[in-house]
Each structure stands twice: as C-alpha cells, then as structure tokens.
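J.: Top line first, the protein sequences correspond to chains U and S. Here my numbering is used: the first residue of the first sequence is 10, the next is one more, and so on. Here my numbering is used: the first residue of the second sequence is 324, the next is one more, and so on.
Do not take every clue at face value.
[Stated by the list, open to error] Below, a list of computed lysine to aspartate or glutamate pairs in the DMTMM-like style, where the Cα atoms sit at most 20 Å apart:
id	chain 1	residue 1	chain 2	residue 2
1	S	K332	U	E51
2	U	K54	S	E367
3	S	K394	S	D419
4	S	K326	U	D87
5	U	K65	S	D424
6	U	K54	S	E341
7	S	K364	U	E18
8	S	K326	U	E18
9	U	K12	U	E51
10	S	K364	U	D87
11	S	K394	S	D408
12	S	K376	S	E341
13	S	K330	U	E51
14	U	K65	U	E51
15	U	K12	S	E347
16	U	K76	U	E51
17	S	K376	S	E347
18	U	K12	S	E341
19	S	K376	S	D419
20	S	K405	S	E347
21	S	K332	S	D379
22	U	K66	S	E367
23	U	K76	S	D424
24	U	K66	S	D407
25	U	K12	S	D398
26	S	K363	U	D87
27	S	K364	U	D62
Please keep in mind that the hints were generated in silico from the structure rather than gathered at the bench.
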Amino acid sequence: QQKVQQSPESLSVPEGGMASLNCTSSDRNFQYFWWYRQHSGEGPKALMSIFSDGDKKEGRFTAHLNKASLHVSLHIRDSQPSDSALYFCAASEGNYAQGLTFGLGTRVSVFP
Amino acid sequence: DPKIIQKPKYLVAVTGSEKILICEQYLGHNAMYWYRQSAKKPLEFMFSYSYQKLMDNQTASSRFQPQSSKKNHLDLQITALKPDDSATYFCASSQDGQGRDTQYFGPGTRLLVL
C-alpha cells in the first residue's frame, strides 16, 4: 500500500470553477506536506507547503491539513486553463536531507 | 533563466551500456536529490546529498551511482542499463536539507533503454 494516496485520479473543472483535491497518508511519522504541480514535459513545481493544522492560502490556492486524520486537501478557486496539470501531494518525516514521498497524482483538466 | 539544469533532455541507450545524467543548480542550495518517475508509479526518491556528502540512498541497485564534483553539481551514473531503467530522472535541490525546506525540481532527463 502506498504511504501517500491521492483522490480523485482525475478531475474535470469548468473554467472559473473550483477544483478540490485530496491526499491521505498512512504514515503517522509524516509531519510536512507539499503540493506540487507538473505540466506535461516539465518537472514538478512546488505550489505550497503546509505543516500546521488548518488552512493556508496562497492566491487562488488553499491547502488544508488535518494531522489527526493525516488528511491534506488542495482547493483551486477560479480555475484557469493553465491549471490543467498533474497535481502531486508529497510528504516528509522531516529528517535531514530526506527524500519526499509522493502520491500518484490527480490529473486536473480545466475546460472552457 | 533556468535555475536547475539537467542534461541531456532526452537520452536513448542500449541495454548494457552506461550513461551519465548531468545536474547543475544555480539556486545556491546545499542539498541535492535525485528522483525517478516511471509510468504508473509515484515519483520515487533515489539519493540525497548535502554539502557534497551522501546523506540517503534509497536505491537497491549499485548500478546507480551519484557523483558530486562541485557543490552545485550532482550527476547520476547508471551502469549496465536495463529496459526497466527507462524513466524520467529528476534532479532537485533545497536550501540546506532541513526537513521543512521545499525541494525544487529540474526539468528532467527522459531515458529510454532499448
């Protein structure tokens, strides 16, 4: 079983709409979480990090973390065609120079 | 200007050969990483270096050897290539390797082993 699971696998959102992505971890050692976005043919780009319970907002993106349930979500409001991409949730225990554990990703498609 | 450079962008190799993937970062970071992305699999962490020292190795095979000639370089040598090694390899870096440091990824090298 993967330690970081994402849902849904894919998501279609109308332009201007809200996209909601979910991420659940099965490892209680994970303390730090990130959301990454990857456009086709490019490397993953960090969108935002979240380390504390609650909401964190950056522009059109809002992340929510519930450490008790090990659940992280990402909400994209006013979705744009450029938001069409593969979104990854990544987690870390926080040890020095530790690699991130990624989920399989959610593919978001924004249609006009 | 790209801050993390990976060369080449595409690489085709024959089974049994050896290749070196190049990574240079110009972010002034002290920690560097290698990841692999294969179809139907999550991004997989391979190695981490901090101040040119190996910190973590999660690859099971000794065919994969990182090489750090300079602080901002972390190359990946792959020997005795197999078709299963076909994947996109990403280099990443972070400020100091602290647990909460964000890792920034390069554009990747897509390797195809025939």
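J.: With reference to the structure, classify each hint as holding or not holding.
T.: Hint check results:
1. S:K332 / U:E51: Roughly 10 Å between the alpha carbons, so the hint for K332 (chain S) and E51 (chain U) holds.
2. U:K54 / S:E367: Judged against 20 Å, a Cα distance of about 16 Å means the pair holds.
3. S:K394 / S:D419: Measuring from Cα to Cα gives roughly 12 Å; hence the hint holds.
4. S:K326 / U:D87: Violated, at about 29 Å.
5. U:K65 / S:D424: Status holds; Cα separation ~17 Å.
6. U:K54 / S:E341: Given pair K54 (chain U), E341 (chain S) is violated - Cα atoms ~29 Å apart, limit 20 Å.
7. S:K364 / U:E18: Between K364 (chain S) and E18 (chain U) the Cα gap is close to 13 Å, so the pair holds against 20 Å.
8. S:K326 / U:E18: violated, 31 Å
9. U:K12 / U:E51: violated, 25 Å
10. S:K364 / U:D87: Cα-Cα ~30 Å, so violated.
11. S:K394 / S:D408: violated, 27 Å
12. S:K376 / S:E341: Since the Cα atoms of K376 (chain S) and E341 (chain S) sit roughly 23 Å apart, the hinted pair is violated (cutoff 20 Å).
13. S:K330 / U:E51: holds, 14 Å
14. U:K65 / U:E51: Measuring from Cα to Cα gives roughly 26 Å; hence the hint is violated.
15. U:K12 / S:E347: violated, 30 Å
16. U:K76 / U:E51: violated, 31 Å
17. S:K376 / S:E347: The hint holds at about 16 Å.
18. U:K12 / S:E341: Measuring from Cα to Cα gives roughly 33 Å; hence the hint is violated.
19. S:K376 / S:D419: holds, 12 Å
20. S:K405 / S:E347: violated, 25 Å
21. S:K332 / S:D379: violated, 25 Å
22. U:K66 / S:E367: Status violated; Cα separation ~28 Å.
23. U:K76 / S:D424: Distance ~19 Å between K76 (chain U) and D424 (chain S) Cα, so the pair holds.
24. U:K66 / S:D407: Violated. K66 (chain U) to D407 (chain S) sits at ~40 Å, over the 20 Å cutoff.
25. U:K12 / S:D398: Outside the cut-off at roughly 28 Å; violated.
26. S:K363 / U:D87: violated, 30 Å
27. S:K364 / U:D62: violated, 29 Å
The structure does not agree with the numbered hints 4, 6, 8, 9, 10, 11, 12, 14, 15, 16, 18, 20, 21, 22, 24, 25, 26, 27 stated previously, though it agrees with the rest.
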